[in-house]
Structure formats: structure tokens, C-alpha cells
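Residue numbers (our numbering), protein chains in the order written: chain A, 20 to 321; chain B, 6 to 261; chain C, 394 to 841.
The set of hints was computed from the structure by calculation and includes no laboratory data. Accuracy of the hints is not assured; some may be wrong.
[As the list claims (entries may be wrong)] Distance ranges between label pairs, derived from CB positions:
hint, chain 1, residue 1, chain 2, residue 2, range
1, B, E155, A, V285, 29 to 39 Å
2, C, T502, B, E155, 41 to 51 Å
3, A, Y63, B, Q139, 43 to 53 Å
4, A, K67, B, Q139, 45 to 55 Å
5, B, R125, A, Y63, 40 to 50 Å
6, B, S101, C, Q643, 36 to 46 Å
7, B, D113, C, K740, 47 to 57 Å
8, B, G31, A, Y63, 50 to 60 Å
C-beta atoms are modelled at their ideal positions from N, C-alpha and C, and glycine is treated no differently.
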Amino acid sequence: MSGSNSNATILLKRVLSLNEFSPLILCIDSIAQTANYVLEEILYNASKNGQISVIYVSFESVNCPSYAAKFIDVESVGFSRLSQAISSYLPSSPPATSSPKHIVIVDSMNHIPKNQVAQLMASISSKNVTVLGVYHRDIPEISDPTLEHYPSVLSLLYFMATTVLEVNPILSNDLDEEELKDELVKYLIPRGLNNSKFQLTLTNRRKSGRSLIHNFYVDSNTHNYEVVREIKDDDQDEDENPEALQDLTTFNLSTSTKQKIAKDQVALPFLEAQSFNTGGAIVYQFEKDDDYDEEDPYEDPF
Amino acid sequence: MSSAQRQDLVVFGDHSVISDQIFQNGFHHLITITASPFTSPTWLINSLVESQILGRPYSLNSDSSAVQGHSRPVTVGSFVHEPQLFHNALGKLKVSPQKYKVVDLVTDLVAKSLGKPKNRLYNDILQQFPLQAQSVIVLEQPELLLSLLEGSTSDEIHSQLIAPLMKRCSVLILATNIYNDGEDTTRDSLELSRFTLGCIYKSIAIMSLRPLETGRASDVTGTLRITRGGACSPVHVLENEYLYLNQKETTRLFYR
Amino acid sequence: MSFRRRGEVLHGTAPRRADPRGLPGNLLTSRGIPQRESSRVGVGRILPPTDQFTQLSVNDSIESNHPGVRPSPATSQQTTSTGCQDLDRLLGHMGLPLGNSLLVEERTTTEFNAVLCKVFAAQGVVHNRVDSNKTGNTHLIVVSLDQSFAKQLPGTYKGSKKDIKRSKIAEEESKLTVQNLAEQGQPSRYNDLRIAWRYKLTDGGSKDENPTYNVDEYQNYSNQFDITTRLMPAPTPQEISFLSPIQPLQTLLSQIDRIITQNKGKLVRILVPSLLHPAMYPPHMFKLSGIVSLVHGLRGIVKKYQSRCTLLATVSADMLSDFMLSQVENIFDAALILEPFDQEMLKFLERAYKSQPNKVQHGLLHILKLPVFSERGEMHVTKSEFAFKNGRKKFEIEEWGIPVEDNDDMGGNTSSSSSSTQPGLRNESAHPQSAEKPGGNTTVNLDF
Numbered sequence: 020m021s022g023s024n025s026n027a028t029i030l031l032k033r034v035l036s037l038n039e040f041s042p043l044i045l046c047i048d049s050i051a052q053t054a055n056y057v058l059e060e061i062l063y064n065a066s067k068n069g070q071i072s073v074i075y076v077s078f079e080s081v082n083c084p085s086y087a088a089k090f091i092d093v094e095s096v097g098f099s100r101l102s103q104a105i106s107s108y109l110p111s112s113p114p115a116t117s118s119p120k121h122i123v124i125v126d127s128m129n130h131i132p133k134n135q136v137a138q139l140m141a142s143i144s145s146k147n148v149t150v151l152g153v154y155h156r157d158i159p160e161i162s163d164p165t166l167e168h169y170p171s172v173l174s175l176l177y178f179m180a181t182t183v184l185e186v187n188p189i190l191s192n193d194l195d196e197e198e199l200k201d202e203l204v205k206y207l208i209p210r211g212l213n214n215s216k217f218q219l220t221l222t223n224r225r226k227s228g229r230s231l232i233h234n235f236y237v238d239s240n241t242h243n244y245e246v247v248r249e250i251k252d253d254d255q256d257e258d259e260n261p262e263a264l265q266d267l268t269t270f271n272l273s274t275s276t277k278q279k280i281a282k283d284q285v286a287l288p289f290l291e292a293q294s295f296n297t298g299g300a301i302v303y304q305f306e307k308d309d310d311y312d313e314e315d316p317y318e319d320p321f
Numbered sequence: 006m007s008s009a010q011r012q013d014l015v016v017f018g019d020h021s022v023i024s025d026q027i028f029q030n031g032f033h034h035l036i037t038i039t040a041s042p043f044t045s046p047t048w049l050i051n052s053l054v055e056s057q058i059l060g061r062p063y064s065l066n067s068d069s070s071a072v073q074g075h076s077r078p079v080t081v082g083s084f085v086h087e088p089q090l091f092h093n094a095l096g097k098l099k100v101s102p103q104k105y106k107v108v109d110l111v112t113d114l115v116a117k118s119l120g121k122p123k124n125r126l127y128n129d130i131l132q133q134f135p136l137q138a139q140s141v142i143v144l145e146q147p148e149l150l151l152s153l154l155e156g157s158t159s160d161e162i163h164s165q166l167i168a169p170l171m172k173r174c175s176v177l178i179l180a181t182n183i184y185n186d187g188e189d190t191t192r193d194s195l196e197l198s199r200f201t202l203g204c205i206y207k208s209i210a211i212m213s214l215r216p217l218e219t220g221r222a223s224d225v226t227g228t229l230r231i232t233r234g235g236a237c238s239p240v241h242v243l244e245n246e247y248l249y250l251n252q253k254e255t256t257r258l259f260y261r
Numbered sequence: 394m395s396f397r398r399r400g401e402v403l404h405g406t407a408p409r410r411a412d413p414r415g416l417p418g419n420l421l422t423s424r425g426i427p428q429r430e431s432s433r434v435g436v437g438r439i440l441p442p443t444d445q446f447t448q449l450s451v452n453d454s455i456e457s458n459h460p461g462v463r464p465s466p467a468t469s470q471q472t473t474s475t476g477c478q479d480l481d482r483l484l485g486h487m488g489l490p491l492g493n494s495l496l497v498e499e500r501t502t503t504e505f506n507a508v509l510c511k512v513f514a515a516q517g518v519v520h521n522r523v524d525s526n527k528t529g530n531t532h533l534i535v536v537s538l539d540q541s542f543a544k545q546l547p548g549t550y551k552g553s554k555k556d557i558k559r560s561k562i563a564e565e566e567s568k569l570t571v572q573n574l575a576e577q578g579q580p581s582r583y584n585d586l587r588i589a590w591r592y593k594l595t596d597g598g599s600k601d602e603n604p605t606y607n608v609d610e611y612q613n614y615s616n617q618f619d620i621t622t623r624l625m626p627a628p629t630p631q632e633i634s635f636l637s638p639i640q641p642l643q644t645l646l647s648q649i650d651r652i653i654t655q656n657k658g659k660l661v662r663i664l665v666p667s668l669l670h671p672a673m674y675p676p677h678m679f680k681l682s683g684i685v686s687l688v689h690g691l692r693g694i695v696k697k698y699q700s701r702c703t704l705l706a707t708v709s710a711d712m713l714s715d716f717m718l719s720q721v722e723n724i725f726d727a728a729l730i731l732e733p734f735d736q737e738m739l740k741f742l743e744r745a746y747k748s749q750p751n752k753v754q755h756g757l758l759h760i761l762k763l764p765v766f767s768e769r770g771e772m773h774v775t776k777s778e779f780a781f782k783n784g785r786k787k788f789e790i791e792e793w794g795i796p797v798e799d800n801d802d803m804g805g806n807t808s809s810s811s812s813s814t815q816p817g818l819r820n821e822s823a824h825p826q827s828a829e830k831p832g833g834n835t836t837v838n839l840d841f
């Protein structure tokens with residue numbers, strides 16, 4: 020068990036430091052957790068490992084990140100000349116052992132037209148370049164009726180990538196995945212997301228094409244990686260509900276801690292009900308069926 | 006409701022509405038305001054403009070604990086509201102009209118845009134905003150262009166309008182209305198969704214306005230939630246959720 | 394939170410206005426007949442100090458004593474009547490503030506919105522005829538193919554048959570004295586002090602009291618219409634311009650613009666009945682760029698001439714997808730939904746109001762946005778809090794409550810006739826669930 024865990028961490032470190040050659044590393048993110056931190060993590064590990072030179076291809080950002088040696092603004096270069104522009108910054112001859120590693124970061128692959136993804140990737144990729152492509156999972160793809168049966172950009176990239184890094188937020192106690200999903204659908208971002216600590220799912224393809232999947236918690240401040248142990252959840256569940264209530268009926272009668280916390284945190288509908296400083300005032304709203312006579316002193320509800 | 010509950014609007018970790026550090030190093034940043042169609046963000050836009058010109062949103066923040074910021078040039082452009090509305094509202098906040106510029110994108114926009122190539126229209130809109138370092142641009146409902154211009158796409162608006170606009174200033178504040186119906190997979194609705202998400206990915210901070218889930222209440226208008234966006238901010242964003250009450254042209258914030 | 398005095402019934406003011414006995418000659422004036430009370434010459438109304446809107450948009454405003462314009466009790470903005478008093482009140486301004494646009498959506502295939510369109514149009518024509526000596530003060534632009542619309546406008550309500558007779562006598566009497574009053578054409582208003590005093594009153598303690606309709610001050614502001622009668626004489630092309638919605642958008646917008654500039658100094662009411670009616674609008678208008686461009690173009694014009702222009706549009710919501718509807722709503726300053734009751738609900742209401750059949754409502758009214766308030770950021774979505782009913786003499790909007798069904802023919806119903814007239818200031822539980830399934834005999838009003 021622990022052996023495979025340490026293997027997983029070693030594998031992750033090898034991937035992040037670009038020791039394993041990989042022409043395309045796909046980083047999948049969402050509005051809940053940006054891929055920026057994992058990119059920085061890769062650059063941190065790779066630069067420890069040797070010199071690197073970063074070319075930043077921007078569809079989205081207008082700012083050149085401090086780590087980038089070259090910044091290509093796709094809009095001003097023009098998409099048709101993009102691969103040319105990227106290639107011009109890349110060394111043409113096979114690299115000497117001492118020369119820096121070249122990394123091309125594409126800040127969002129979502130904006131590459133579907134019919135050109137494969138071409139573009141083919142034209143940049145070479146033995147001495149690693150492409151780090153970010154793909155935003157939740158941005159919907161606009162379907163092209165002429166390419167009805169062509170795979171989606173994500174499946175294309177997923178197919179081509181040697182390594183896939185998918186980032187997800189680490190959820191706090193008062194938020195479960197379903198609630199998160201509900202919020203995100205409404206374009207609402209709960210607090211505490213887009214954090215420097217996040218969850219990372221590494222899918223690594225071997226030469227045979229077989230993939231290995233590992234989950235990690237990553238803290239990009241301390242550069243600490245911890246394998247997510249999945250059995251843990253099941254253990255907890257069993258510990259928490261040994262109550263006699265369990266098998267009495269087919270209904271679930273117990274309350275989980277999560278539910279208890281949720282119950283405690285139910286927000287009351289009105290502020291008035293929560294501010295106790297008024298000393299028990301009666302909040303009265305007149306209803307149309309209320310019979311109130313102004314002249315009658317006994318009618319005063321106060 | 007006691008006045009003690011009242012809160013100041015603070016977005017960044019240094020107790021500022023928009024931190025001075027954001028304006029340093031010549032970077033361009035985006036802050037997105039998302040609003041529902043029935044909780045208009047006009048008051049928030051006005052307060053943000055006020056805070057950038059006067060250094061602090063006096064109309065929102067009651068005490069002086071918030072940091073006094075620098076006064077910055079502000080340009081406001083809206084695809085739904087006529088300049089007069091901003092002049093009236095900002096006039097009431099005692100913001101001098103010399104300190105800001107309002108770009109009229111309502112009157113005759115349709116007449117001007119009909120039959121014109123889209124990139125020229127984007128460019129025409131762009132040219133109305135001054136190119137000025139350290140300045141703030143506020144743009145309201147640019148997503149309307151998706152509906153107004155036939156064949157326009159989210160990517161096109163982002164690359165030809167939003168990104169160039171960001172390069173014209175230090176901070177672009179973009180107010181956009183959200184529409185969510187997950188089952189609607191028409192092209193138009195997907196484009197709108199792409200637009201909204203694109204804004205969120207590019208933003209250093211998101212301010213979302215929405216009505217109470219419990220429905221209309223007389224003492225609370227809605228909630229304002231401030232969270233980090235997809236882009237890294239040079240200053241820590243104070244993630245927070247407020248309740249707000251908008252009444253008789255004044256707005257008050259309360260902690261949730 | 395606060396008290397609302399009972400007895401301020403929605404129907405309260407309107408019949409009083411309509412009754413010629415209460416206000417002799419009041420209604421006659423609106424028919425363009427020489428006015429008896431014009432002897433009370435108004436001093437010319439000054440604008441309230443806070444009224445920046447008209448003052449900032451200089452050079453192009455309407456005459457200050459336009460009979461169809463009054464300041465909003467809530468914001469002091471210049472406001473004009475929609476022709477339906479209950480709607481005026483619901484909007485929170487005693488009308489539709491100038492420079493604002495209102496969208497009325499209607500679910501199902503009913504045509505209640507047509508009533509609102511007609512009274513909106515008729516009100517404009519009646520304002521235009523208040524002063525028979527002048528060239529007119531109001532112009533109506535109707536964006537529709539249906540030119541017969543002009544002939545379908547309702548006439549003003551003249552009371553019951555008995556009242557009509559009585560008013561005819563009064564009319565004759567007034568004709569005798571008309572010569573010496575003819576030149577005093579200005580609509581009479583009380584002097585400004587009185588107005589100021591009234592404002593102070595409403596600003597003070599009695600906030601919950603309904604903003605009064607100020608019948609005396611604004612006697613020609615709003616009329617009651619009888620949809621079974623016709624406006625006589627029929628409106629002329631000088632009063633109504635018809636524009637085809639299917640011509641190229643640029644042409645349509647420039648035509649509207651031209652008509653507005655031609656009618657300098659007049660209040661211009663733009664009406665777009667049955668927006669996107671499939672019989673009238675070609676399929677390409679149903680594209681997002683088609684409809685949104687049209688509506689945004691109209692908004693641009695209304696805002697350009699905001700000191701003297703309003704817009705009312707109606708749409709059959711069933712014709713549009715939710716997405717499109719949301720995009721259209723977004724461009725309007727105010728939006729309401731009419732949701733007529735289905736057969737089952739109507740049957741239930743008829744049973745419940747056995748003895749008072751005129752109390753049966755026709756549907757629910759939902760508010761999405763209110764003019765000015767929603768733009769400021771206030772949230773005014775109220776679902777199922779109001780009901781509407783269309784009658785011969787008026788289109789009523791009242792607070793909705795499910796009536797108690799009474800098995801024995803005793804009282805008919807509870808006091809559900811007492812309805813509040815102040816929309817948007819109260820928070821009430823919505824009743825949609827209960828509205829859909831009237832649960833038999835035990836149905837009660839579910840207010841808290």
C-alpha cells in the first residue's frame with residue numbers, strides 16, 4: 020500500500036519536473052479551480068531540474084507572466100500564423116544536453132478551432148518541446164454542423180496527451196460536490212475555491228498507451244504532495260454510523276455530521292428574526308384579512 | 006436593524022475596494038460583476054466608480070476604516086444604460102462630472118451597427134475609450150453584442166473587444182448578466198455561457214449579485230459575494246459574502 | 394412591519410373619478426368638449442426641485458403643463474398614465490415614467506394584453522384632445538401592420554346609463570356658458586404650494602399610505618375607458634402614426650426618429666402590440682439578432698428622447714424560448730407577466746364568488762421589473778402576488794388571495810375584496826402552489 024503511494028508521489032514528481040518526456044501535457048481545469056497553480060508547480064519542479072525556457076501562447080491573458088521568456092498574443096499574431104510564430108522561437112536542431120528545455124504554455128486550448136487542433140499540435144511538437152495545454156472543462160464547445168462526427172476538442176486532446184493533469188478544489192466541510200455543482204451551474208463561485216491547495220488527478224500514459232491514475236492533494240506553497248487515500252472515506256462512514264438505528268427500517272434515520280452541520284447553518288429567512296437586540300418586538304405586517312380599527316385602543320397589537 | 010451590523014465594501018486584502026498594488030507593474034486586470042437580470046448592478050457600478058474617483062465608496066462605507074485610495078481616471082460604457090443615468094446617479098454621489106467619462110453605447114448603436122463589418126464596429130467602440138495607464142474602465146453588458154450582431158461569437162468579443170479594452174487601462178470592471186438554463190443547448194445560449202465563463206477565467210475577482218433564494222424580502226435585496234476568479238491577483242482577494250439592501254437610492258451592506 | 398389602513402381599496406379611487414356626480418364635468422373634458430371647470434385656471438405647474446431628468450435633457454421637452462404628465466410620487470420623475478389606473482399604481486409611479494419602457498408578456502393564447510395596448514393608445518389620444526384649441530400635445534406611434542387598431546380604441550367611461558343621461562344634461566348646460574370660457578384652455582391645476590404640501594405629507598409618517606391619485610391636481614392625467622364603446626371621433630393620422638414592423642430595421646428606426654422630431658414638444662407614446670406575432674413578423678425576426686436589435690433600437694430612441702417618450706410592448710410569451718424572452722426582458726426597464734387562469738381555476742373562482750360574479754379574476758400578474766426601481770438595483774420580482782381581471786369599464790389589478798369557497802350560499806366570500814394598492818413594499822408568501830390546486834372546500838387564504 021504505502022509502497023505504491025510512494026511510487027505515485029515519485030511518478031508525480033517525475034512528471035512535474037518533466038523528467039519523463041512528454042510532448043503534450045494536458046491540464047484540465049474549471050472555474051472552481053484554475054490550472055495556474057499546477058502550471059507554476061511544473062515550472063518550479065522543472066527549473067530545479069535544469070534550465071527552462073517558456074513560450075506563453077495567449078488566447079486569454081493580456082499580461083505576460085513573469086516566468087515566460089516569450090509571449091505570443093494569438094489575436095495580434097493571427098491564428099493562421101500561430102504555429103509559425105511558435106516554431107520560430109524553438110530550436111531547429113536536436114538539443115544539446117546542456118541547452119534549456121523548451122516549454123510552450125497554451126493558456127486555453129478551448130479557443131482553438133476543432134478542425135485545427137490536431138494540425139497545430141503536430142506542427143509544434145518535436146522531441147525537445149513540451150506543450151502544456153490548459154483546457155477549461157466547463158466552457159461549452161460550439162458544435163460545427165460540418166464536423167458532426169469529428170471528436171470534441173477535449174477528446175482529441177485527451178487522446179493525444181501523454182499526461183493529463185486534472186485539477187479540482189479541495190472542498191471544505193460545508194460544501195459537498197453536489198452543492199458545488201449547483202452553484203457553478205449558476206456561475207456562482209463559492210468561497211475558498213481557486214486556492215493554492217488543490218486536488219490533482221494525474222493520468223499518466225505508458226508507452227503501451229495504458230494509463231495509470233493517481234489522486235493527490237497538492238499544496239503549491241510548500242510544494243508538498245500527498246496521495247489521496249480513498250479507503251479513508253469508507254472507514255469514516257462505518258465509524259460514524261454504528262448506531263442501532265441503522266438496520267431498524269429501510270429508511271435512513273441517522274444524521275450524518277455533514278447534515279448536522281448543514282442543519283445548524285440554515286440561514287433564517289429574515290434578518291429581523293436574527294437580530295435580537297430589539298427586545299422581542301412584534302413584527303407585524305398587515306394582512307388584507309386583518310380587521311384593524313384605528314380608533315379601537317384594544318386593537319393595538321403592540 | 007442596528008447600525009453595528011452595517012459593513013463596508015472591501016474587496017482586497019489591504020482593506021481597499023481596488024488595491025493600489027493592482028495598478029502597479031503595468032499589468033491589466035479584469036474584475037467581473039455577475040448579476041441576475043432582476044438584480045441590477047447599477048448601484049455597485051456607481052459605488053465602484055465613486056471609490057475610484059474619490060478614493061473610497063463614501064455612499065457604501067460608513068466609517069473611515071477603509072483605506073483611502075488614489076483618484077483615478079474612470080470611463081464608463083454601457084450597452085443598456087444611457088449616459089444620463091450615470092450622470093444623475095454619480096451626481097447624487099457628489100462625483101464631479103469632469104472626473105469621469107461616459108461612453109454612450111445605447112443611442113443609435115443599432116442604427117450605427119447595421120450593415121457594418123463587425124470588426125469595424127468593435128474598433129469603433131474601442132476607440133471611444135481613452136488609452137490611459139492607471140485608469141479604470143467599466144463596461145456594462147457587453148454580452149448584448151452577442152445578441153445584437155448576427156454571427157458574433159464569444160471568442161470574437163473576447164479577443165476583439167474585451168482584451169483590447171483591458172490593454173487600454175489597468176483595471177477593467179465588466180458587469181455581465183448571467184442566464185442559466187443547463188438544458189438550453191442552442192448556439193446562442195452556449196455562446197452566452199462561453200462568454201460568461203470566459204470572463205470568470207480571466208478575472209482576478211468576481212463580484213456576484215443575486216436575489217435571495219427565499220424570494221423577495223422587504224429588508225434584504227440580495228446577496229453580494231466576492232470570490233477569487235481564475236486569474237491570479239497580485240493582492241489577496243478577501244472572499245466575502247454580504248447581504249445588501251437597496252432602498253431609496255442608497256445601499257447598505259451587511260455580513261451574511 | 395408597518396400598518397396599512399384598511400379601506401384603501403384598489404377600486405376606491407377610480408369609481409369616484411368616474412362618477413360625474415362626484416366631479417361634475419370631469420369626464421366630459423376628456424372628450425374634447427369645452428370644459429366647465431376650466432374656469433379654474435391652473436397657474437402652470439412648476440417642476441419639483443428633484444426633477445433632474447427633464448431639466449438635464451434640455452431643449453427637447455414637452456410643455457410644462459401637459460395634462461397627461463405628472464411627477465412620480467416616488468421619484469418625482471415626469472410620468473404619464475398607461476391608461477389603466479391599477480397598472481399605473483402597480484408600477485409604483487402612478488404611471489410609466491417618461492423615458493422608460495414596459496414589456497407585458499402574456500402566457501397562453503389569450504389577448505388580455507390587447508386591452509392594455511388599447512387603453513394605452515386611447516389614453517394618448519384623449520390627452521391629445523384635452524385642449525381642443527391647440528394642435529395637440531401627444532402623438533402615438535404604433536408599430537403594427539393592423540391599421541384597424543385605430544378604430545378599435547375604447548372611449549372613455551361615462552358611468553352607468555343613468556349617469557350618461559345626467560351628464561348629457563350637464564353637457565348642455567355647460568355649452569351655454571362655454572363662450573366666455575373658451576379662451577381659458579389650460580387644464581386647471583391647483584397651485585404649487587398645495588402640491589408641495591402633499592409631497593411633504595407623503596414623505597412624512599404616513600409612508601404606507603397610498604400615493605394618492607391627486608384627482609384634483611391631475612384631473613386629465615388618467616381616464617377610465619369603457620372597452621365596449623369606441624373612441625369618437627376615431628383617431629386621425631395626426632394623432633396616430635402606424636409603422637410596419639417588417640420593413641428594414643434601419644428604416645423603421647429612422648422613421649420613428651423622424652416622427653418624434655416632427656412632433657416637437659409633444660409627448661410621444663410608442664406602442665408595439667404583439668411583438669413577434671408570427672402572423673406579422675417574418676421568421677428571420679425570431680433570430681436573436683433580429684429581435685434584440687429591434688428592441689435595443691427602440692430603447693435607444695426612447696432614451697434619446699427620454700424627456701418626452703415612453704414605450705409599451707406586449708408579447709406572447711409562448712411564442713418565444715425562455716432564452717430569447719430573457720434577452721428581450723433585459724432590454725426593457727419594466728416587465729410584467731400576465732398568466733391567465735386555466736379552466737379549472739376559473740371554475741373554482743366562479744364557484745367561490747357565486748354571488749359576486751364580477752369578483753372573479755382572470756389570471757395572475759407577476760412582476761419582474763419595475764421602472765426606475767429595478768434599474769437602481771432593487772429587486773422587485775413578485776410571483777403570484779397580484780391578480781388581474783378585465784371588465785367592461787376597466788382592467789383591474791388587485792392583490793391575489795384564494796377565496797374561501799362557501800358551500801352554503803351565505804356570504805359569498807370573505808373580505809378578499811380589500812386589496813392593497815401599494816405594490817412592492819410588502820413581503821408576502823407566494824401562493825402559486827395553492828393557486829394551481831385549489832384543494833376543494835377547505836381552501837383558505839394562505840397568507841402567513
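Hints, verified against the model:
1. E155(B) - V285(A): 29 to 39 Å: With Cβ atoms ~48 Å apart, the hint is violated.
2. T502(C) - E155(B): 41 to 51 Å: Violated: the Cβ-Cβ distance is about 30 Å, outside 41 to 51 Å.
3. Y63(A) - Q139(B): 43 to 53 Å: violated (32 Å)
4. K67(A) - Q139(B): 45 to 55 Å: Once the Cβ atoms are compared, 37 Å apart, the range 45 to 55 Å for Q139(B) and K67(A) is violated.
5. R125(B) - Y63(A): 40 to 50 Å: Given range 40 to 50 Å: holds, Cβ gap about 45 Å.
6. S101(B) - Q643(C): 36 to 46 Å: Since S101(B) and Q643(C) have Cβ atoms about 38 Å apart, the given range 36 to 46 Å holds.
7. D113(B) - K740(C): 47 to 57 Å: holds (52 Å)
8. G31(B) - Y63(A): 50 to 60 Å: The hint (50 to 60 Å, Cβ to Cβ) is violated, given that G31(B) and Y63(A) are roughly 25 Å apart.
Hints 1, 2, 3, 4, 8 from the list above are not met by this structure, while the remaining hints are.
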